[in-house]
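Protein chains in written order, with this note's numbering: chain A, 1 to 420; chain B, 421 to 827.
Errors might be hidden in some of the hints.
Claimed, not checked - In silico DSS-like cross-links for lysine-lysine, where the CA-CA straight-line distance does not exceed 25 Å:
1) A/107 to A/94
2) A/193 to B/505
3) A/89 to A/75
4) A/89 to B/538
5) A/407 to B/505
6) A/337 to A/407
7) B/505 to A/131
8) A/131 to B/498
9) B/498 to B/475
10) A/89 to B/617
11) A/130 to B/498
As the list claims (entries may be wrong) - On the chain B side, residues computed to face chain A include the following (Cβ under 7 Å):
12) 454
13) 455
14) 502
Claimed, not checked - In silico negatives: residues of chain B with every beta carbon more than 12 Å from chain A:
15) 505
16) 511
17) 557
18) 568
19) 696
20) 707
21) 732
22) 774
23) 818
Worth flagging that the hints you see were computed from the coordinates, not collected in a lab. Idealized CB from N, CA, C, for every residue including glycine.
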Amino acid sequence: MRFRKLTFLAAEIRESFFMAMNAVAAHKLRSALTLLGVLVGVFSIIVIMTAMRVLQSDVEKNIAGLGSQTFLIRKTPAISFSRPEGWEKVRRRKNITLQQGMRFEEKMTLARSIGLQSSFWAGAIETAHKKTAPDVRLVGATPGSFPARNWTLHEGRLLLDVDIDGARDICLLGNDLATNLYNNVSPVGERLKIDGINYTVVGVLEPNGSSTRGNQDNFAVIPITTGMSRYGRNWRSLEILVQAADEANYDACVEQAQGVLRAIRKVPPGQDNDFEIASNDSMIAQFQSFTLAVRIGAAVISSIALLAAGVGIMNIMLVSVTERTREIGIRRAIGAKKRNIMAQFIMEAIVLCELGGVVGVVLGILGGNATAYFLKLTPVIPVDWIVIGLVICSIVGIVFGTYPAWKAANLDPIESLRYE
Amino acid sequence: MNFVTELREGLSISWSAIRANKLRSVLTTLGIVIGIVTVTLMGTAIEGLNSAFVKSISFIGADVLYVQRVDWFPGSEKGWIDMQKRRDISLDQVRQMEKEMTLARAVAPVAISRELIKYEKRSATVMIIGSTEEYLTTSGVSVMQGRFFNESDSIGGRPFCVLGSEVATNLFPRESAIGKKVRIDQRPFEVIGVLEKQGNFMGDSLDAQAIIPLPQFNAAFLDRPDYQVQVKIKSIADLDNAKEELRSVMRRIRRVAPADPDDFGINQQDQVLSIFHRVAGTIAAVGLFITGLSLFVGGIGIMNIMFVSVAERTREIGIRKAIGAKRRTILLQFLIEAASICLMGGAIAIGIAWPLTLVMKKFLPASMSLTVVSIALLVSLVTGVVSGFFPAWRAARMNPVDALRNE
Chain A
1 MRFRKLTFLA
11 AEIRESFFMA
21 MNAVAAHKLR
31 SALTLLGVLV
41 GVFSIIVIMT
51 AMRVLQSDVE
61 KNIAGLGSQT
71 FLIRKTPAIS
81 FSRPEGWEKV
91 RRRKNITLQQ
101 GMRFEEKMTL
111 ARSIGLQSSF
121 WAGAIETAHK
131 KTAPDVRLVG
141 ATPGSFPARN
151 WTLHEGRLLL
161 DVDIDGARDI
171 CLLGNDLATN
181 LYNNVSPVGE
191 RLKIDGINYT
201 VVGVLEPNGS
211 STRGNQDNFA
221 VIPITTGMSR
231 YGRNWRSLEI
241 LVQAADEANY
251 DACVEQAQGV
261 LRAIRKVPPG
271 QDNDFEIASN
281 DSMIAQFQSF
291 TLAVRIGAAV
301 ISSIALLAAG
311 VGIMNIMLVS
321 VTERTREIGI
331 RRAIGAKKRN
341 IMAQFIMEAI
351 VLCELGGVVG
361 VVLGILGGNA
371 TAYFLKLTPV
381 IPVDWIVIGL
391 VICSIVGIVF
401 GTYPAWKAAN
411 LDPIESLRYE
Chain B
421 MNFVTELREG
431 LSISWSAIRA
441 NKLRSVLTTL
451 GIVIGIVTVT
461 LMGTAIEGLN
471 SAFVKSISFI
481 GADVLYVQRV
491 DWFPGSEKGW
501 IDMQKRRDIS
511 LDQVRQMEKE
521 MTLARAVAPV
531 AISRELIKYE
541 KRSATVMIIG
551 STEEYLTTSG
561 VSVMQGRFFN
571 ESDSIGGRPF
581 CVLGSEVATN
591 LFPRESAIGK
601 KVRIDQRPFE
611 VIGVLEKQGN
621 FMGDSLDAQA
631 IIPLPQFNAA
641 FLDRPDYQVQ
651 VKIKSIADLD
661 NAKEELRSVM
671 RRIRRVAPAD
681 PDDFGINQQD
691 QVLSIFHRVA
701 GTIAAVGLFI
711 TGLSLFVGGI
721 GIMNIMFVSV
731 AERTREIGIR
741 KAIGAKRRTI
751 LLQFLIEAAS
761 ICLMGGAIAI
771 GIAWPLTLVM
781 KKFLPASMSL
791 TVVSIALLVS
801 LVTGVVSGFF
811 PAWRAARMNP
821 VDALRNE
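Using the sequences and the accompanying hints, generate a full structural model.
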């Protein structure tokens with residue numbers, strides 16, 4: 001019984017689908033214009049959402065440049081778009097010193113690697129033959145910074161503990177910087193001049209790629225101690241990078257890091273941390289909460305066009321019902337139920353919407369990815385918005401098709417047969 | 421039949437056509453209403469954002485040039501790094517420049533530091549500005565209570581300070597600040613004036629500052645700071661001339677070789693505005709494009725319904741043509757019908773958008789100007805004419821014989 005009911009339903013849907021297609025084909029111009037309305041409505045949503053997704057995924061990819069299971073400890077919040085309450089208090093926090101960092105490293109047991117980092121200088125780097133543009137960043141690091149920053153070795157060696165202890169004048173080069181300075185020659189063992197001081201190159205890192213925030217491979221790494229004795233230690237607050245041993249230990253590791261650092265920085269119990277902990281995820285979450293209002297606003301504004309399209313569909317469906325009064329009368333007279341007529345017209349509205357919707361989605365994704373093309377970012381296909389877009393189309397069809405369909409279903413068969 | 425009669429007749433026919441299909445007309449109008457409301461609100465919001473920004477940067481006077489070691493907008497990271505190597509601007513250079521400038525009304529050297537300011541148990545870290553009495557003219561601040569320091573205070577370097585309104589209310593919540601001794605980084609200063617409230621810029625309060633005479637600043641905080649110079653010019657008409665004069669004077673004073681680029685920046689309000697306009701222009705373009713799409717959809721709806729309407733009234737058109745109506749008459753009739761639906765939509769939309777603007781006014785200095793209203797009406801009229809044209813054209817070109825035969 002149940003099975004038969006289902007086949008009956010399927011047959012009804014199939015029949016109303018074909019009738020809808022016929023009706024759409026019968027009035028080509030009218031259907032095309034209605035379609036165009038829905039198309040534009042869906043396009044406006046998808047184009048905006050795709051463009052925003054392109055920008056957003058770019059920001060998220062580069063927000064911290066941290067490795068997996070890694071978090072960052074700093075004196076001040078990593079991103080803040082406005083001065084929060086209590087900014088004054090944040091400003092007065094003590095710096096994170098090298099000593100604190102070293103003791104932190106000793107006491108942490110749950111971390112796989114711990115790195116300290118600070119950026120020291122930016123400018124032009126010189127070799128005997130060549131000089132770069134003055135936009136190379138000079139970063140101080142310890143051996144633990146490399147896994148935490150996702151920096152892997154291309155050739156040569158990484159920093160060692162003896163380099164840190166001895167504050168040696170050596171450096172590693174980012175990939176682009178190395179090719180820029182030495183072309184195809186291996187730079188390992190070469191000497192170069194950074195800010196007037198000679199350094200020996202001991203290694204080159206693998207490329208990290210580039211983004212809207214600029215080239216990510218245009219930097220040189222020196223031992224943090226070397227940098228601190230050259231560029232001063234008094235006003236400097238270091239950043240601590242911690243990589244947890246594995247996923248399961250991550251939370252415990254964050255917990256331990258807080259406890260250890262509080263003890264080192266002598267924060268009395270009951271008081272707030274005098275430092276900030278940030279991970280890729282937490283920064284992305286923060287970024288998303290900052291942009292939530294914008295995203296909601298964009299979604300609402302871009303859906304208005306679809307509302308206007310819905311009104312257009314309702315209007316044209318009403319016309320269609322009036323024109324086909326006789327047809328409805330005949331169908332009713334030979335035994336169609338009210339339900340069948342309703343299904344027919346709602347199906348017609350849905351078919352119209354979906355035809356427009358599919359084209360709108362395709363054009364919207366193309367249009368939105370034009371931003372990716374012009375800004376040279378990675379294109380995205382927002383699968384969730386494709387689904388949402390098509391679902392919204394159906395909803396629009398159902399919502400705005402129901403009244404005309406109801407009107408059609410409730411026509412008096414006798415009256416409608418008499419209709420001229 | 422002359423044009424005016426035709427127009428009148430077209431109006432009356434279209435009015436009765438609109439009334440004949442009430443639901444249809446209401447829905448068509450609704451499409452336009454939605455479009456016009458969103459476009460109008462978007463336009464108002466953008467205008468509001470613009471004026472809010474312009475208001476917030478009014479503290480950078482339009483007739484003041486800011487000479488600094490750095491440019492505000494270097495344009496590239498490389499340029500920014502290059503600027504870091506420029507020499508500081510010294511007080512001697514400022515004095516020399518003041519002597520040589522002919523188009524300047526006032527020249528104030530400004531040195532800035534951040535220090536702890538304290539009164540009894542209350543304290544805050546605020547911007548400390550060291551300058552001369554001319555700062556009152558160049559920066560456009562106004563004194564709410566007490567007075568600004570005068571020339572002799574400034575030259576003599578007396579330990580006076582003028583507080584920004586936020587500092588004054590935070591350090592002296594219940595009493596007048598005038599005459600009290602505050603400590604700035606342990607040194608005592610007597611408060612002689614409190615400034616008028618200036619508001620925020622990009623989230624930073626402009627009222628968290630204290631101004632002290634320059635010799636005091638040099639003695640207490642930085643002996644040879646990197647000066648900024650605010651140069652207020654005599655008349656805004658001379659802005660470009662003054663800028664050129666300033667540039668050549670500064671180049672001479674700082675001994676820049678003829679072919680070398682400037683080793684200082686001359687900044688002005690226009691730069692901030694033009695950067696803002698570039699960003700805001702993009703946002704406005706995207707916003708108007710997206711809201712324009714809904715108007716476009718509304719227009720498509722009209723076109724669609726007008727096609728239906730033309731098809732339904734084929735016989736009527738045939739009869740009118742048979743008894744002598746010209747193509748122009750028929751065209752006009754349908755155009756008027758489309759345009760009047762749109763105009764009605766526009767008028768209703770303005771009626772809806774107006775109270776919404778009042779709501780928006782709570783967040784932005786937005787107001788619905790007469791310009792916006794007339795543009796909205798014009799746009800709706802144009803939408804009607806454009807989207808009504810093809811259906812009307814089809815109606816006008818109908819062959820009367822075929823039209824009469826139509827069932």
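Hints versus structure:
Distance hint between residue 107 of chain A and residue 94 of chain A is fulfilled; the C-alpha atoms sit about 20 Å from each other, no more than 25 Å. Only pairs whose Cα atoms come within 25 Å are accepted, and residue 193 of chain A paired with residue 505 of chain B is accepted, the gap being roughly 17 Å. Our distance criterion of 25 Å between C-alpha atoms is met by residue 89 of chain A and residue 75 of chain A, whose separation comes to about 11 Å. Taking the CA atoms of residue 89 of chain A and residue 538 of chain B, the gap is about 15 Å. The hint holds against a cut of 25 Å.
Annotation: proposed proximity of residue 407 of chain A to residue 505 of chain B is violated, straight-line Cα distance about 78 Å (limit 25 Å). Of the pairs offered as hints, the one joining residue 337 of chain A and residue 407 of chain A holds, with about 14 Å between alpha carbons and a cut-off of 25 Å not exceeded. Between residue 505 of chain B and residue 131 of chain A the CA atoms are separated by roughly 17 Å; this keeps the pair inside 25 Å, and the hint holds. Under the criterion of a C-alpha separation no larger than 25 Å, the hint pairing residue 131 of chain A with residue 498 of chain B is consistent with the structure, at around 14 Å.
As the CA atoms of residue 498 of chain B and residue 475 of chain B are separated by approximately 32 Å, the hinted pair breaks the 25 Å bound. Proximity of residue 89 of chain A to residue 617 of chain B is assessed by CA-CA distance (about 24 Å); at most 25 Å being required, the pair is judged to hold. The suggested pairing of residue 130 of chain A with residue 498 of chain B holds, with an alpha-carbon distance near 17 Å, which does not exceed 25 Å. At about 4 Å, the closest approach between the beta carbon of residue 454 of chain B and any beta carbon in chain A falls short of 7 Å, and the interface hint on this residue holds.
About 6 Å separates the beta-carbon of residue 455 of chain B from the nearest beta-carbon of chain A, less than 7 Å, and the hint is met. Of the supplied interface hints, the one on residue 502 of chain B holds, with its beta-carbon coming within about 6 Å of a beta-carbon of chain A, less than 7 Å. With a least CB separation of 8 Å from chain A, residue 505 of chain B falls inside the 12 Å interface cut-off, contrary to its annotation. Non-interface call for residue 511 of chain B relative to chain A: holds, since the shortest CB-CB distance, roughly 25 Å, exceeds 12 Å.
With a closest Cβ-Cβ approach of about 30 Å to chain A, residue 557 of chain B is found to remain outside the 12 Å limit, as its non-interface label requires. Annotated as non-interface, residue 568 of chain B keeps its C-beta farther than 12 Å from every C-beta of chain A; the closest such distance is 27 Å. For residue 696 of chain B, the non-interface assignment is confirmed: its Cβ lies about 17 Å from the closest Cβ of chain A, beyond the 12 Å cut-off. Remark: the non-interface label on residue 707 of chain B conflicts with the geometry, its nearest Cβ contact in chain A lying 7 Å away (cut-off 12 Å).
Remark: the non-interface label on residue 732 of chain B conflicts with the geometry, its nearest Cβ contact in chain A lying 9 Å away (cut-off 12 Å). Annotated as non-interface, residue 774 of chain B keeps its C-beta farther than 12 Å from every C-beta of chain A; the closest such distance is 18 Å. For residue 818 of chain B, the condition that its CB be more than 12 Å from all CB atoms of chain A holds, with the nearest at approximately 15 Å.
Checked against the numbered hints above, the structure breaks hints 5, 9, 15, 20 and 21 and satisfies the rest.
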